[in-house]
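Colleague: Chains as they are written, first to last, in my numbering: chain L, 1 to 226; chain F, 1 to 232.
What the hints contain is simulated information worked out from the structure, not anything from laboratory work.
Misleading hints may appear alongside valid ones.
[To be verified] Covered stretches of chain F (chain L as the covering partner; in silico rule of three or more C-beta atoms under 8 Å from a C-beta of chain L):
#, stretch
1, 45 to 56
2, 66 to 72
3, 98 to 110
4, 214 to 228
[What the hints assert, rightly or not] The list that follows gives simulated cross-link-like pairs (lysine to aspartate or glutamate, EDC-like), each with its CA atoms no further than 16 Å apart:
#, chain 1, residue 1, chain 2, residue 2
5, L, K22, F, D87
6, L, K203, L, E133
7, L, K22, F, E88
[Stated by the list, open to error] If we take Cβ atoms under 10 Å as the criterion, some of the chain F residues that face chain L in the derived model are:
#, residue
8, I76
9, V128
10, G134
11, R136
12, A140
A virtual CB, placed ideally from N, CA and C, is assigned to each residue, including glycine.
Each chain is listed here by its residues.
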Amino acid sequence: MGFFRQVLVIAAKDLRAELRTKEAINASLAFALVILVLFSFAFDPTEDTTREISGGLLWIVFAFAGALVLNRSFARELPNDCLDALIAAPISGAALFLGKAVANFLLVLAVELVSLPVFGIFYNVQWTSQFWELMLVLALGTWALTVIGTIFSALTVNIRLREVMLPMLTYPILVPALLGAMQLTTGLVAGRPIGPDTVAWLKMLIGFDVVYTAVSLVLVETVLVG
Amino acid sequence: MSAVAVDGVWKFYGDFPALRDVRLEAAAGSCLALIGRNGAGKTTLLRIMAGFSRPGRGQVRIFGNPPRETATRQKIGFIGHGISVYDELSALENLTLFGKLYGLADPRRSALEWLERTGLERVRNGLVREFSRGMRQRLAVARAFLHQPSVLLLDEPFTALDDRAIAVLQTLLRQALAEGKTVILSTHQLREALELASHVALLNRGQAAFCGPSTPEMVADPGLVYARYGEG
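Take these sequences, add in the hints, and give me the full structure.
Modeller: Here's what the structure looks like:
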């Protein structure tokens, strides 16, 4: 079976299992919506300064809500020792990692796409004016979050305090990607397209995704088998 | 060429040597019963043979190749302490998934065939989380045999099985041996194991204390190997 078919089989399996139990997606979505609504009470949505922190606010919510999905990624394999069966199967660690990353990406993206309209309503922001550029930034930032989160989910899967360890390991490495995504999102939500002053952040975000995806694909076999 | 060759394998957990210079071989078509007290290193050795972890020193070869090679993994079937199937998926979905991962030509047909052979065809669309323990064990057996492996590595396969599952497993193992497949099983249930085994290896505190053919004496008195080569 080809590499990409293996990736799709793993991603489909993870999505099917998650959609049956809804363990991670319900928790993640509820968390994201509650934080967005609570923060809307703390800030005056008519203030320009509120809009200027919108990128930061959104990405902090996405990062924390995403961690709830990412924590389950490899932990899902622990009951019944299913990870053993996946490691024993004649597929590469890279295919296993990429399949899980794709499933996580789609789940986190779904949470984000539901959160955005809620954000628009509660913060009185017309966030759709640069819709496609915002979707591009959302996809790049979410891939950065999921690729780092998935590799650390594999690394921490056998640790008893993995729910605590995963965010502690993930967020420091994510800082450059989160900074870029926050800067770009703030501008796009305010209606400013990506221009010469912000394009460097976009390039950095793309570079981050490429580098960390490549590093994770190389390291995952060692992470899983030692 | 040996089907499975373990050559001077050491495994350390921290400073503790769980395996110490273990050497043993299993010829193609043979059945090796790996016996030993709790903590002797049976599970660690089987996991290294299956490619789940790497030895600290030494090497394992399956038909002359390292166990982590993709082509080698295709030849190995493993049953560990867990059943290694997903509770959220149905029996048919589980087997079809592993059929796809092992690159079977028609995963669904193979899955249906093995569900029938293990007596699970009536519950093929039931979620595994709703299965009884015996049904889950039979599904685990089906998963391990699904891709027609040449080498079966079974870690205490008779533990917690009901009578029906034991009968299914023994029948499948006899068929596998008759087809020339190699079986290595660790167990505390010496009588069941020695009925099948052509060879016996005794692990004692991480060392292979004995490795040789199973004899009628051993089958008649399963404690004999422990008494003679172990700690009594």
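Colleague: Please go over all the hints and tell whether each is borne out by the structure.
Modeller: Structure-based check of all given hints:
A stretch counts as covered by a chain when three or more of its residues have a beta carbon under 8 Å from one of that chain; for the stretch 45 to 56 of chain F and chain L the count is 5, and the coverage holds. Against chain L, the stretch 66 to 72 of chain F contributes 3 residues with a C-beta closer than 8 Å to a partner C-beta. That satisfies the three-residue criterion, and the hint holds. Closer than 8 Å: that is the beta-carbon criterion, and the stretch 98 to 110 of chain F has 5 residues meeting it against chain L, so the requirement of 3 holds. Restraint check on the stretch 214 to 228 of chain F versus chain L: 0 residues with Cβ-Cβ distances below 8 Å, three needed, restraint violated.
Of the pairs offered as hints, the one joining L:K22 and F:D87 holds, with about 14 Å between alpha carbons and a cut-off of 16 Å not exceeded. Distance check on the hinted pair: L:K203 and L:E133 sit about 13 Å apart at the alpha-carbon level, within 16 Å; holds. The suggested pairing of L:K22 with F:E88 holds, with an alpha-carbon distance near 11 Å, which does not exceed 16 Å. Interface hint status for F:I76: upheld, as the beta-carbon distance to the closest one in chain L is roughly 7 Å, under 10 Å.
Using the Cβ-Cβ criterion of 10 Å, the hint placing F:V128 at the interface with chain L is satisfied: the shortest such distance is roughly 8 Å. A distance limit of 10 Å between C-beta atoms decides the matter here; for F:G134 the minimum to chain L is near 15 Å, and the interface restraint is violated. With 10 Å as the threshold, the beta carbon of F:R136 comes within range of chain L, its nearest partner Cβ sitting at about 8 Å, so the hint holds. Hint status for F:A140 relative to chain L: holds, with the closest Cβ pair at about 8 Å, below 10 Å.
Violation of the numbered hints given earlier is confined to hints 4, 10; the remaining hints are satisfied by the structure.
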